[in-house]
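> One-letter residues, chain by chain:
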Amino acid sequence: MTPSWRSRQFWLPHPLFSLFLALLWLLMVNEFSVAHALLGLTLGVVIPLVTHAFWAEQARIRRPLPLLRYVLVLLLDILRSNLVVALRILGPARQLEPGFFTYPLALDDDFAITILASTISLTPGTVSIHHDAEANTLLVHALHLENEIETIAEIHRRYERPLQEIFQ
Amino acid sequence: MNSLDMPWALQLVIALFLLGGAVVALIGSWGLAKLPDFYTRLHGPTKASTLGVGCTLIGSLLFFSHQQDGVSVQEALVTIFLFATAPVSAHMMGKAALRRRLRGVARTRHMPEE
Numbered sequence: 001m002t003p004s005w006r007s008r009q010f011w012l013p014h015p016l017f018s019l020f021l022a023l024l025w026l027l028m029v030n031e032f033s034v035a036h037a038l039l040g041l042t043l044g045v046v047i048p049l050v051t052h053a054f055w056a057e058q059a060r061i062r063r064p065l066p067l068l069r070y071v072l073v074l075l076l077d078i079l080r081s082n083l084v085v086a087l088r089i090l091g092p093a094r095q096l097e098p099g100f101f102t103y104p105l106a107l108d109d110d111f112a113i114t115i116l117a118s119t120i121s122l123t124p125g126t127v128s129i130h131h132d133a134e135a136n137t138l139l140v141h142a143l144h145l146e147n148e149i150e151t152i153a154e155i156h157r158r159y160e161r162p163l164q165e166i167f168q
Numbered sequence: 001m002n003s004l005d006m007p008w009a010l011q012l013v014i015a016l017f018l019l020g021g022a023v024v025a026l027i028g029s030w031g032l033a034k035l036p037d038f039y040t041r042l043h044g045p046t047k048a049s050t051l052g053v054g055c056t057l058i059g060s061l062l063f064f065s066h067q068q069d070g071v072s073v074q075e076a077l078v079t080i081f082l083f084a085t086a087p088v089s090a091h092m093m094g095k096a097a098l099r100r101r102l103r104g105v106a107r108t109r110h111m112p113e114e
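Chains D and H, in that order, give the protein sequences. 30 is the number that this note's numbering gives to position 30 of the first sequence; each next residue is one higher, with no gaps. 84 is the number that this note's numbering gives to position 84 of the second sequence; each next residue is one higher, with no gaps.
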């Protein structure tokens, strides 16, 4: 599986990611100079090279525009979820009805599932806890579970379907 | 740092962001102390603290963008990294708790049996 060390595949398995790392480095040092650009590019080559073995199959982002909308929706929902959780924490703890539920996944790409699981953890009152690869389900814990069918339907409508659009 | 060369409206906005962030972070920690079991406590740090740190960072971003020339982007990076890593750590802790068969509070619905 390892490509020859003379090929581009070996040195630059993820060219866009390398560029991203170089840019990230420049943003982090917060100044632009040739030295820093070179250092960033070196990091951009070395880090993917060293971590290549841990990478899953590469996912393709098919449509960038829905991705932008997804990020906006997510930011708003993070705000909302923070307020909801803050209110739940301040309210009486005896009224909470925590519970687990299993979320059946329609996505099958590892990267997309990772994004969905992270989204679930960042949004109102739910944390994803376990991914069952065989049954392709996510185990989710909810701080206050009122109606699991409704919660599942909302996650599907709000997050999973846009992700399907983006990645498939 | 005795005379801040800064319009008072901006100072007010920054102060509001810092205070708001502090309050939200405080609520998150309060939840950590108050909620009844491990699984519910997972919700505090992943949510309330991300917004708390986010608000504090916006305040910091405004402050340093005004003090130095140009926009300071490091705070935005911190926020992005925080949002990317907080769910992962919550996921790992939840998984570890399941593996160790930690019990939730008695009224937890659908407690996994395996």
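Incorrect hints may have been included.
Stated by the list, open to error - Selected chain H positions facing chain D (in silico; Cβ < 7 Å):
(1) I27
(2) S29
(3) G31
(4) P36
(5) L42
(6) T85
(7) S89
(8) A90
(9) H91
(10) G94
If you are wondering where the hints come from, they were derived from the structure by calculation, not from laboratory data. Where a beta carbon is used, it is the ideal one built from N, C-alpha and C, also for glycine.
> All hints, please: hold or fail.
Here's how the hints hold up against the structure:
1. Of the supplied interface hints, the one on H:I27 holds, with its beta-carbon coming within about 5 Å of a beta-carbon of chain D, less than 7 Å.
2. Given the 7 Å rule on beta carbons, the hint for H:S29 is violated: about 10 Å separates it from the nearest Cβ of chain D.
3. For H:G31, the shortest C-beta to C-beta distance to chain D is roughly 4 Å, which falls under 7 Å, so the interface hint holds.
4. With its C-beta approaching chain D no nearer than about 6 Å, H:P36 sits inside the 7 Å limit, and its interface hint holds.
5. Proximity of H:L42 to chain D holds as hinted, the smallest CB-CB distance being about 5 Å (cut-off 7 Å).
6. The closest approach between the C-beta of H:T85 and any C-beta of chain D is roughly 9 Å, which is over the 7 Å cut-off, so the hint fails.
7. Residue-level restraint check for H:S89 is violated (minimum Cβ-Cβ distance to chain D is 9 Å; threshold 7 Å).
8. The restraint placing H:A90 at the interface with chain D holds, with a minimum CB-CB distance near 5 Å, inside the 7 Å limit.
9. Nearest Cβ of chain D to the Cβ of H:H91: about 6 Å, under the 7 Å cut. The hint holds.
10. Using the Cβ-Cβ criterion of 7 Å, the hint placing H:G94 at the interface with chain D is satisfied: the shortest such distance is roughly 4 Å.
Comparing the model with each earlier hint shows violations of hints 2, 6 and 7; every other hint is respected.
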